[in-house]
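Throw the hints in and build the complete structure from the sequences for me.
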Amino acid sequence: MPTCQGSFTVKVHITAAGNEAQPAAESLTEKSAQTAGKSATGTQATSGEKEVKDIKGALSTAAQTWLTGQFGTNTASAAPGAPTAAATPGGAATPSSAAVATAQTLKISNVPLDLQLRSKIDDLPRRVNDEFQHQGDMVNFVIVGSLKKVQEALTAADWHVADTDVRESVVKAALETYQKKAYLAMPMSQLYLFGRVQDYGYEQAEPYAVVASRHHFRIWKAPFQWDGQDVWVGAGTHDIGFEKDQRNGKVTHKIDPAVDGERDNIGATLQKTDKIKSLTYYLPPNPVQDARNATGGGYHSDGRMLVVLLQ
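Its first residue numbered 1, the sequence shown is counted upward by one per residue in the working numbering.
Simulated from the structure, these hints should not be mistaken for lab results. All of these numbers come straight from a predicted model, not from anything done at the bench. Hints may contain errors.
[Claimed, not checked] Derived DEER-like restraints, expressed as beta-carbon distance ranges: (1) Ile108 - Gln229: 16 to 24 angstroms; (2) Ser146 - Gly296: 33 to 41 angstroms; (3) Pro223 - Val111: 25 to 33 angstroms; (4) Gly249 - Gln116: 25 to 33 angstroms; (5) Pro112 - Pro223: 21 to 29 angstroms.
[What the hints assert, rightly or not] Here are the simulated DSS-like cross-link-like pairs (lysine-lysine), alpha carbons at most 30 angstroms apart as the crow flies: (6) Lys149 - Lys107; (7) Lys275 - Lys107; (8) Lys120 - Lys221; (9) Lys277 - Lys254.
Using N, Cα and C, we set each Cβ at its ideal position, and we do this for glycine too.
As structure tokens, then:
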């Protein structure tokens, strides 16, 4: 993640009717670059923000979400927050009931992938890199469709594009908190595939919890097409707290090690729209099943990619 210069602290005091003060303090620091979100406690305003009607409840939910991810407590619900699988000998993943429930909601096609598309997926890199060429997150999904179709599908599924300017994001977060809006477009770090940084970063999160806990992914346009259509290659993980960056000892995001849960979550959100033609699991040669991301955090997978064909 990019180095953060200094720190930023914003305190917002909101006075309710009757002059009864309800202090809400939010400390905002972030060292990364690209993302955006979703809220169960507010209504959507513009891209990357939500109007928050119950700030106290949103802050409570944020604290519970962070505690669950950081310490493995049961103070928060198992919905978007709890780890989804446990590692087994050999590096494969044994899904928890939450992961199984998500996977079971997916309507997976029984039709085998086109041979040419399979061949192109087989040739894809299995993992992304950081700027120092450290291997990181696994490539765990592919979307086939034009940029316009991809953007429409992700918008319909309530995914939001991440901000790319760290300094501007801090100011925006402060202003939106003052206006009783939740800032959900926290930037992401830059990772590399095909020799370049991600083309887009997308995220979903709960109000105020986005700094520590968010569903997010990066996508890159592949250097090839299939059947005349663009192919987008993605790497998705679920941030659930913080941990030490093994490269430099600084603080970085901690991911849910059961990364298949985020792969299936992406599929489940897209499936709720009318933009999807089919969802297919595909196990490529030399699959990633047990690895560490660029900051040293371990993760495990069944090795399959989710291939999403858009309408």
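Quick rundown of the hints versus the structure:
no. : hint                                : in the structure
1   : Ile108 - Gln229: 16 to 24 angstroms : holds (21 angstroms)
2   : Ser146 - Gly296: 33 to 41 angstroms : holds (37 angstroms)
3   : Pro223 - Val111: 25 to 33 angstroms : holds (26 angstroms)
4   : Gly249 - Gln116: 25 to 33 angstroms : violated (46 angstroms)
5   : Pro112 - Pro223: 21 to 29 angstroms : holds (24 angstroms)
6   : Lys149 - Lys107                     : holds (20 angstroms)
7   : Lys275 - Lys107                     : holds (14 angstroms)
8   : Lys120 - Lys221                     : holds (13 angstroms)
9   : Lys277 - Lys254                     : violated (33 angstroms)
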